[in-house]
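There are 4 protein chains.
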Amino acid sequence: MTETKMKNMPKPNHSKDIMDRKIEHLKIPLEYDVQHSKNYFEDIKLVHYPIPDVDFEDIDLSIKFFNKTISAPICISAITGGHPVSKELNEILAKAAEEENIIMSVGSQRAGIEDSALMESFQITRKVASTIPIIGNIGLGQVSSPNFELEDFEKCIKMINADVMAIHLNTLHELVQDKGDISYKLFYKNFANLRKHTQIPIIAKEVGTGFNQDLAKILDELGFDGFDVGGTGGTSFAAIEAKRNNFNKQMYTRDPAEVFREWGIPTPVSVFLVRDVSQKLIIATGGLKTGIDIAKSIALGADIGGFAYKFLQSAWEDRKKNSISNTTKEIRTLKNELRSCLWLMNVDKIEKLKGRRDKCVILGELYRWLHQ
Amino acid sequence: MTETKMKNMPKPNHSKDIMDRKIEHLKIPLEYDVQHSKNYFEDIKLVHYPIPDVDFEDIDLSIKFFNKTISAPICISAITGGHPVSKELNEILAKAAEEENIIMSVGSQRAGIEDSALMESFQITRKVASTIPIIGNIGLGQVSSPNFELEDFEKCIKMINADVMAIHLNTLHELVQDKGDISYKLFYKNFANLRKHTQIPIIAKEVGTGFNQDLAKILDELGFDGFDVGGTGGTSFAAIEAKRNNFNKQMYTRDPAEVFREWGIPTPVSVFLVRDVSQKLIIATGGLKTGIDIAKSIALGADIGGFAYKFLQSAWEDRKKNSISNTTKEIRTLKNELRSCLWLMNVDKIEKLKGRRDKCVILGELYRWLHQ
Amino acid sequence: MTETKMKNMPKPNHSKDIMDRKIEHLKIPLEYDVQHSKNYFEDIKLVHYPIPDVDFEDIDLSIKFFNKTISAPICISAITGGHPVSKELNEILAKAAEEENIIMSVGSQRAGIEDSALMESFQITRKVASTIPIIGNIGLGQVSSPNFELEDFEKCIKMINADVMAIHLNTLHELVQDKGDISYKLFYKNFANLRKHTQIPIIAKEVGTGFNQDLAKILDELGFDGFDVGGTGGTSFAAIEAKRNNFNKQMYTRDPAEVFREWGIPTPVSVFLVRDVSQKLIIATGGLKTGIDIAKSIALGADIGGFAYKFLQSAWEDRKKNSISNTTKEIRTLKNELRSCLWLMNVDKIEKLKGRRDKCVILGELYRWLHQ
Amino acid sequence: MTETKMKNMPKPNHSKDIMDRKIEHLKIPLEYDVQHSKNYFEDIKLVHYPIPDVDFEDIDLSIKFFNKTISAPICISAITGGHPVSKELNEILAKAAEEENIIMSVGSQRAGIEDSALMESFQITRKVASTIPIIGNIGLGQVSSPNFELEDFEKCIKMINADVMAIHLNTLHELVQDKGDISYKLFYKNFANLRKHTQIPIIAKEVGTGFNQDLAKILDELGFDGFDVGGTGGTSFAAIEAKRNNFNKQMYTRDPAEVFREWGIPTPVSVFLVRDVSQKLIIATGGLKTGIDIAKSIALGADIGGFAYKFLQSAWEDRKKNSISNTTKEIRTLKNELRSCLWLMNVDKIEKLKGRRDKCVILGELYRWLHQ
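Residue numbers (the working numbering), protein chains in the order written: chain A, 1 to 372; chain B, 1 to 372; chain C, 1 to 372; chain D, 1 to 372.
Among the hints, a few may not be true.
Which copy? The list can't say, so a pair holds if one copy fits it or any two copies do.
[To be verified] Pairs of lysine-lysine, DSS-like flavour, derived with a Cα cap of 30 Å:
no.	residue 1	residue 2
1	K352	K217
2	K185	K64
3	K249	K320
4	K189	K352
5	K349	K217
To be clear, the hints were calculated from the coordinates, so they are not data collected in a lab. In this text, all values refer to a predicted model and were calculated from it rather than measured experimentally.
Extracted from the complex, chain A is given alone in its bound form (with noise of 0.2 Å):
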């Protein structure tokens, strides 16, 4: 899902390498536990409300995502891109979204820059999906890389008539994973000529480890238009590399991936912290398993929820059936079930549920972790 260090490989085997993890990437949460070990959702209480005023079927679930409307606020977060087998998944993902109208996100798109053969996998979408906002992908370390070209951004853009660019943060994986191209000092100076040059919105996107409230507040004021949170709760790409038995025993004692699996900080506490300083979009990614989880993550504060696991899995088993419908019915499924949480609560509109904490009773260790 990320890479950052193309430029100093031999091109053939670096593809073939890339193309190899990528896979082990999709597999390893399909096949062993990767998700973190404590998933603050459950530290978070609605207050049932009796008495609906509104008809279940008039809640309006739609929000306005920049200048298009989706028809509710679930997000399809990026999943894959830059491999066959990626193709066939966003090919899925990106039909559900369009039949559902929500949003779609693709994986990083360096492959896609780097070699066109890999670009349809990320075009595909576009070709699928013609309305719906498809957010881009590109990684801090091409962004703060120096020889980073805006023409590349543009690219990424173009390849799949991109609504919004995200730039993923994934310091955590780019650590435990070989600590190849791993410096960022260039990022603040060249994303500053990004920001000059880009029409589109972009945010910035956690990958499982969260956002804290002073950086959150720093691309706030650099012009970022939003973030997409990405704590702790969900798939911990750590334990994925943990898995992936690339830890060098000749090196160290203990596997880095295995001692920095729980690293982050926990998607409610991230979009709490980020909601007191930001008024930007919020996406909450990472550990959300319901629409219950879409609808508390919008009462601390968020705009809309984030899903990979659930869309990959979903994915994964229409591809075996060349078909969309286990991805559509997760789309339906979450919104129903968010919709049941505002009839639930007597709550009409889901951007009346926004940044309302009132309704929200916080449990546990999330208690601790917010009131501190």
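Following the hints, put chains B, C and D in place on chain A, whose structure we already have.
Only chains B, C and D this time, still in chain A's reference frame:
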């Protein structure tokens, strides 16, 4: 126990369906664990007082319940009605309630209004219990229906010579059942009319998801005479529905009944919240297991403790033996436990315990629920 | 250990009954787990001090106990009396207490007053322990009886040349036993008379359900000279009764002894609450297991730690071997543990530890008990 | 590791005894679980920062340790000395410490002073590690002895050309061992003399029961140059003694070593408390397992993280293979983990993390320890 969509269905099948469902609703809690996973009464400790000034047998458990006096603040909560088996159970329960002079409640009377053949499963209660208070019961769905007629409500009252009518609020149950007729927009208008033309008290009854404070305040002002808070802790109707295997796998990836199994406000929390905004009658139902739990509820602010599951169990046994002894024994057990609590806390009248929160120590998660 | 309803029963059977019960009360705790499920001493941590200024052996554990001085703040709590086996146990316990110069207590002396043949099971204690303080014992039921006579109380004192008399408060035990003679309305009147005519100190002794603050204040003002707080954490008399299988299934669906098994105020909580309203003597009994627990109790405000279960175990073993060595070893173990605590906290006299709550860290549920 | 009672025993046996004990003290932690049951570092979470401004390899872990500079704030804590096996272990540890430029510590040097044949087990460290800081070690018992002579202390310094001397405080260990020579009343007088005549820094070192705040303040004012807090969380010396089966069953009913197994102040608590009253050096030892734990300790206020158990394990393995590779690998692992933490928190110099409690979230029981 709750149903709302009669009009749209052919009558015979409908009655058959409802009757089958009624039996399932009785049998599932007896055969499976469909209790909420967490019972917050365990988080409350009552404060012992080592020298009682009152003699055990002199402790006065009696309270006024509107214009009758009952021997103890115990209510047989709404369990059933509208089925031959219901008739047998209701006869047992009402006889025992009459013998012990406590409150009897019937299940939803809709079936009785629609089909006069089913009426006697309700009428039996008054036939065998001429003096005690009996609480009638109709659903939010009926009261909110465009076809709602005052006459139906009066029919319910007359059917059992009801002392009090309860309108049950069962949104979650309707939702996970099959989302039939779940529009309540006419409720406030219809209720205003009802209130104006009904002489007996009307209470609002939750059925396992609990009252929140905002709605309790509104209903108090609208003229409701009390609340049966029916919070989480006891039987989960969502759990019952999950067991009924009516989940349509074609439609969703997860059974909403499973996803919302634990939804709601815990009973002690609901008592606490409602008492803070209303001085009307409060019946604490949902998860009470012993007379100690009645005492805890009353110390938090309730007037009466309600039990459905315990009495369903006792009446089911009694039915096999053609007796009422299990049920009267259960009532006497609750009274003895409650009296014991009062004696051990040096309280000579149950009325004096009401709202004595200083007699409670609140531990665990309940502390968090009550302090935010 | 506690009994109150002699007068109404034919004497021979009564004595026989009581005697059987006395043996059961001794054997059940030795053979079954009848301890409370939660011991709150585990929630207290004492603060280590790495360099003691005092030599270990120079630490002074002695305290004044009314007009005698004892070697350490340890009390053998009331265990038994009124049975041939009791006599053997009391002889062992008193001899050991005399050898180690700590406090000895006897079980309820009622049997001794009623039946002079049983008196020697109490008298033996003073016979073998001429110098130590011995605490006599009579029940709340006796003192509250309309037949109560000052002479009986004096008889108790003389029987053992008691230094102090304890009036034991055992309401829960009476309640779950058989609710015989449980009227205490005359207590305050009878006690006032008793207080006026008795020269030696009188303390109020709870037996496993703990003192609350309100009553402690009242008893302090009435002229009680101290409290044996006897809170939850150790042996549960309700649990013992549950094991005695005297539950009348004809009467109730649940054994009250099971339902009230955990009723009461934890020992450390009770010490804390009572000390806040009284400067009189406090003995902390109920769930203490080691000398560390004595130190914890004293830091919270107690003067002395009491143990019944530990000494019942040691004396039972000694009885088999016709020795007192297990019991003296247990006393020395407690002393050594207490001295070790003081040394590790750099406290040279036990008196200086009293009420030093700054030497305690309170964790877990105990924190909630103490902060509301 | 600690011993104090040589003078009273015949020399040969004594040396033999001590030597046997030294081997037991090394082997028991390797073979049995003698770790404290609770490690409070798990209750601390560090706050992730998604975009590091510094390059991973540029992060500066070096600190000044008195007048030397070390590559990272890591200390090999006092493990052993005074035995042929100790010599082998100390050689391995010192070589590895020299190679990695971190701090080396030796075990109690008393044996070396008493018996010059044992001196080389200490001398070896400086022989193989000419440049790094080496911390010498003598016990509270020796310094407090009436026979204490300044010359002995100087002998310790010279033996290893010590940069710093630690006086270890091991009261619990002495207590549960056999309560030999445990009088420390001369400590303050002897230390004042020592302080006046010693040029190098002297630190106070706890060995697993932690520093409290009051004593830390006193020692700071007396002229100690720092603290090795040695709190609970790692190896429990009481647990080791419990395993040594030296409990005299004739004397006590319970092994004091079992009863006091968990006695003490947790390491993070001790760091927190000591830093609040002293600006001197703090080494956090006791239960640290990874470089993340070093970072947590430093954020709470420590300067350095110390490890004994990890290095005992690594050196024991190295000894079998006649290498130092396990030990150097362990040091590099700790450095890499610590550097990773800093990078993931966007801290470019370890010094900047010191006392940054805002970078920590405190959960669970640790919260209670720190907030009373």
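Going through the hints against the structure:
{"no.": "1", "hint": "K352 / K217", "in the structure": "both (24 Å within a copy, 21 Å between copies)"}
{"no.": "2", "hint": "K185 / K64", "in the structure": "between (35 Å within a copy, 27 Å between copies)"}
{"no.": "3", "hint": "K249 / K320", "in the structure": "between (38 Å within a copy, 19 Å between copies)"}
{"no.": "4", "hint": "K189 / K352", "in the structure": "between (38 Å within a copy, 25 Å between copies)"}
{"no.": "5", "hint": "K349 / K217", "in the structure": "both (28 Å within a copy, 23 Å between copies)"}
Of the numbered hints given earlier, the model fails none.
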